[in-house]
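Converting from the sequence shown to the working numbering requires adding 150 to each position, the first position being numbered 1.
Check before you lean on any hint, since a few could be wrong.
As the list claims (entries may be wrong) - Straight-line alpha carbon distances no greater than 35 Å define the calculated DSBU-like cross-link-like pairs of lysine-lysine that follow:
#1 K302 <-> K247
#2 K223 <-> K482
#3 K291 <-> K482
Since the hints were made in silico from the structure, they are not lab data.
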Amino acid sequence: MITTLERIKEIFEKIKETKIGIYGDFCLDAYWVLDPRGSEISLETGLPAKAVAEQYYSLGGASNVAANLAALKPKEIRAFGIYGNDIFGREMISQLKNINVNTDGMVIQKDNFDTYTFSKLLLNGKEQPRIDFGTYNKRSKESDDLLLNEIKKAAREVDIFILNQQVPGSITNLEFIANLNEIIKDNPEKIFILDSRHFADRFENVSYKVNNLEAAKLNNSNFDDKNLISDNELKEIAKELYSKTQKPVFITRGENGILAFDSSGYNSVEGIKLDVELDIVGAGDTVLSALACALGAGCTIQESIELANLAAGVTVQKLHTTGTASAEEILKLAQGLS
151 MITTLERIKE
161 IFEKIKETKI
171 GIYGDFCLDA
181 YWVLDPRGSE
191 ISLETGLPAK
201 AVAEQYYSLG
211 GASNVAANLA
221 ALKPKEIRAF
231 GIYGNDIFGR
241 EMISQLKNIN
251 VNTDGMVIQK
261 DNFDTYTFSK
271 LLLNGKEQPR
281 IDFGTYNKRS
291 KESDDLLLNE
301 IKKAAREVDI
311 FILNQQVPGS
321 ITNLEFIANL
331 NEIIKDNPEK
341 IFILDSRHFA
351 DRFENVSYKV
361 NNLEAAKLNN
371 SNFDDKNLIS
381 DNELKEIAKE
391 LYSKTQKPVF
401 ITRGENGILA
411 FDSSGYNSVE
421 GIKLDVELDI
431 VGAGDTVLSA
441 LACALGAGCT
451 IQESIELANL
461 AAGVTVQKLH
471 TTGTASAEEI
481 LKLAQGLS
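Sequences and hints are given; from them, build the entire structure.
Written as structure tokens, this is what we have:
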């Protein structure tokens, strides 16, 4: 690792002065713990009812990215997305506010939109078939226009902007992306870092954050297995992606760390070898958040990927949860590696 412990501490101080905007698919994860001992036969249907012994909720999707940002304590986090007029939306907004996320840019759509909620039923410790809300959402042009107006104003005021799209079909009006591209074009000095599962090829002038398979697909390279992509091939892919946007490209390589390419050439960091059980769920959100904080604070590409790598090294050790990484946890891990 090139970045020293003292420099990491300096970076965290700089992050405290950084303002970050995030647009995305804001979601809520619901956990309903079932206990069949409380089940009874419904008089109306004759079917057994499912008794919920415990329920709890956590932030998912772009909401989880916001939670990862909050763990690093930037000066301001401003959220921009759409949610429904429902109990899940109210819970999500409440949780975002509790971690000091500014939700003034969140747009509520009362019709044809349910807050994206992934309800996980747990029976005897095992997850049952999930119940999803928001699958058939249709964003209105009115909602999109309100959202674009908020993003346009904020783009001039934040240090960096995250674009995070995770839910299939979540952008129902492709004109929204075209208009968002215009906002990005009008702010050439601003970094817009994109992590999009389904629409990455439609965005322009953005800094890509992708995994190796996503990078290959975005570059129209035919790979079905990340293990078949050699380091040299991945470097060529990173270079090609940079040529499309002229913005830094960040490619996560799982246990092999992170590769980046920009006008100065290649930067990379090897994965951290951890001799413990790991849970990689949510690691991508952690990397995205740490990258945004570091870049927004004016760090170099190498410093940014090293910080993101350390942050992911913290969260993958948190089992059965989409955890976050605080400055204290990152420093502790870095000290153990030095």
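Taking the hints in turn, this is what the structure says about them:
Between the alpha carbons of K302 and K247 the distance comes to roughly 22 Å, so the proposed pair stays at or under 35 Å and holds. Only pairs whose Cα atoms come within 35 Å are accepted, and K223 paired with K482 is accepted, the gap being roughly 17 Å. Distance restraint check for K291 and K482: the Cα-Cα separation of roughly 47 Å exceeds the 35 Å cut-off, and the hinted pair is therefore not satisfied.
Of the numbered hints given earlier, the model fails hint 3 alone.
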